[in-house]
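*Asks:* Heads up: the sequence lines are chains A and B, in that order. The numbers in this note's numbering rise by one with no breaks, and the one at position 133 of the first sequence is 153. The numbers in this note's numbering rise by one with no breaks, and the one at position 7 of the second sequence is 835.
What the hints contain is simulated information worked out from the structure, not anything from laboratory work. Some clues are possibly wrong.
Derived PhoX-like pairs (lysine-lysine); straight-line CA-CA distance at most 20 Å [stated by the list, open to error]:
1) A:Lys99 x A:Lys68
2) A:Lys68 x B:Lys863
3) B:Lys867 x A:Lys68
Going by beta-carbon spacing under 10 Å, a handful of chain A positions derived as facing chain B [stated by the list, open to error]:
4) Leu65
5) Gly138
6) Asp140
7) Thr144
8) Ser159
9) Ile169
Cβ-Cβ distance ranges computed for the label pairs, FRET-style [unchecked claim]:
10) B:Phe856 x A:Trp155: 22 to 28 Å
11) B:Pro834 x A:Arg156: 44 to 50 Å
12) B:Gly890 x A:Thr108: 24 to 30 Å
13) B:Ala848 x A:Leu137: 20 to 26 Å
14) B:Ile914 x A:Arg156: 24 to 30 Å
15) A:Pro200 x B:Ala833: 54 to 60 Å
16) B:Ile914 x A:Glu98: 22 to 28 Å
17) A:Arg136 x B:Ala911: 21 to 27 Å
18) A:Asn116 x B:Ile844: 20 to 26 Å
All C-beta atoms, glycine included, are put in the ideal place defined by N, C-alpha and C.
Residues per chain are reported as follows:
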Amino acid sequence: MSATVCAGAAQFAAIEIWGQPVPVVAIVLSTLLVNLRNLLMSASLAPKTAAFATLQRLLGFYVLSDENWALSERRVREKPLTPAYFLTMGGVLYTNWVFWTTLGAFAGAFLGDPRRLGADFAFTALFIGLIAGFWRGRSTASAVAASAIASAIAFVTLGAPWHVLIGTLAGIAAVYVAAPEEAP
Amino acid sequence: MTLSAPTILAIIGMAIVTYATRIGGLFFADKLQFKGKAKAAFDEIPAAVLVSVIAPAVLTTGPAETIAALITILAARRLPLIAVVIVGVVAVVILRLFMS
Chain A
21 MSATVCAGAA QFAAIEIWGQ PVPVVAIVLS TLLVNLRNLL MSASLAPKTA AFATLQRLLG
81 FYVLSDENWA LSERRVREKP LTPAYFLTMG GVLYTNWVFW TTLGAFAGAF LGDPRRLGAD
141 FAFTALFIGL IAGFWRGRST ASAVAASAIA SAIAFVTLGA PWHVLIGTLA GIAAVYVAAP
201 EEAP
Chain B
829 MTLSAPTILA IIGMAIVTYA TRIGGLFFAD KLQFKGKAKA AFDEIPAAVL VSVIAPAVLT
889 TGPAETIAAL ITILAARRLP LIAVVIVGVV AVVILRLFMS
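So here's chain B without its partners, still in its complex pose:
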């Protein structure tokens, strides 16, 4: 990546739209109060976003990643966050040795 004008333009553009999404919710939420079904849906936004980001890595990469994810889910039921990450990484390295 060379530091040309389009490169700088793209990075500035990325920075502007990103900051807009980050503070946009502050103004948008002040005007909206959720109740009932809408509140239930709003409360699950976190889980929905997180799952959507990783779903392709877990479900469409290969059997090693899918099985490692299942092992990680089991670990997440009782271990602290940092241990969950270590279990997941070790599992995927070992599984890839046998499956690729």
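If we strip away everything but chain A, and leave its shape as in the complex, we get:
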């Protein structure tokens, strides 16, 4: 699963609802919902990778994820994105993901509860660090506040994976409403 899908949040969501018989439709639908954000991320990277060859794009975007997308967005603030940078990062990310999830599948039983080591919180802390890297002042603040509240409410009332989509849309809407008419 890690080798073909390579999408952490979607895989965790799929495992949550996995059962016998396998709910194929529910799993695929939940994967689509969790990964809808990829559509927005690849759209935002599209103009920045316009100089790439088609094959480089198709290969590089196969492993597009929150992490390498966030690092790419940060990179383009300083210098243009090169195929070498993007594809190397994607390769490292893919190799790491497949290696460690395979190891986890074999070793998981021996480690016990990962919560004891705080490993589950590393993901949250990483995202907080990434958001800080994106900070643009007031418009980011309104996105963060609206997304956090909407996502938490959606999570409690509707459950996963709806919170990702609803929170994102709320954040975007809040920025749209708060932004001045003229382009900055």
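Fit chain B to the given chain A structure using the hints.
*Replies:* Chain B only, in chain A's frame:
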């Protein structure tokens, strides 16, 4: 998880929809240029997505996670990424000792 036909079908389905979302934006963005309010909103998509993914973990798990997140936010204001992650993990382990 056994390797039965439905299992393989589900994984293939997951792989197809995931790849579709990953390259879909390439075709969709080429046709859309944003200006003004729409551009401001588009620029904040990254932050909105990231916050939405972690908000339940931060706000609905318990006081240890919420306080650890606040400490992590403070760390993120001045420390590099890897240090931010370490501060967050250490904070949550210590806080859980006292709060659960």
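*Asks:* All hints, please: hold or fail.
*Replies:* Quick rundown of the hints versus the structure:
At most 20 Å may separate the alpha-carbon atoms for a hinted pair to count; lysine 99 of chain A and lysine 68 of chain A meet this at roughly 11 Å. Under the criterion of a C-alpha separation no larger than 20 Å, the hint pairing lysine 68 of chain A with lysine 863 of chain B is consistent with the structure, at around 17 Å. At most 20 Å may separate the alpha-carbon atoms for a hinted pair to count; lysine 867 of chain B and lysine 68 of chain A meet this at roughly 15 Å. With a cut of 10 Å, the hint placing leucine 65 of chain A at the interface with chain B holds, because the nearest CB-to-CB distance is about 7 Å.
The restraint placing glycine 138 of chain A at the interface with chain B holds, with a minimum CB-CB distance near 4 Å, inside the 10 Å limit. Evaluation of the aspartate 140 of chain A hint against chain B yields a held restraint, the C-beta minimum of about 8 Å falling below 10 Å. A cut of 10 Å between beta carbons decides the hint on threonine 144 of chain A: the least distance to chain B is about 5 Å, and the hint holds. Because the smallest distance between the Cβ of serine 159 of chain A and any Cβ of chain B comes to about 6 Å, under 10 Å, the interface hint for this residue holds.
Taking 10 Å as the C-beta cut-off, the interface hint given for isoleucine 169 of chain A holds, the closest approach to chain B being about 8 Å. The beta-carbon spacing between phenylalanine 856 of chain B and tryptophan 155 of chain A, approximately 27 Å, falls within the hinted interval of 22 to 28 Å. For proline 834 of chain B and arginine 156 of chain A, the hinted distance range of 44 to 50 Å is satisfied, since their beta carbons lie about 46 Å from each other. Distance hint check: the CB atoms of glycine 890 of chain B and threonine 108 of chain A are about 39 Å apart, inconsistent with the given range 24 to 30 Å.
Between alanine 848 of chain B and leucine 137 of chain A the C-beta distance comes to about 35 Å, which lies outside the given range of 20 to 26 Å. As the Cβ distance of isoleucine 914 of chain B to arginine 156 of chain A is approximately 26 Å, the hint placing it in 24 to 30 Å holds. One distance hint, 54 to 60 Å for the beta-carbon pair proline 200 of chain A and alanine 833 of chain B, holds here, with the actual separation near 56 Å. A beta carbon spacing of about 25 Å between isoleucine 914 of chain B and glutamate 98 of chain A agrees with the range 22 to 28 Å that was offered as a hint.
A hinted range of 21 to 27 Å holds for the C-beta pair arginine 136 of chain A and alanine 911 of chain B, which are about 22 Å apart. Taken as a hint, the range 20 to 26 Å holds for the pair asparagine 116 of chain A and isoleucine 844 of chain B, whose Cβ atoms sit roughly 23 Å apart.
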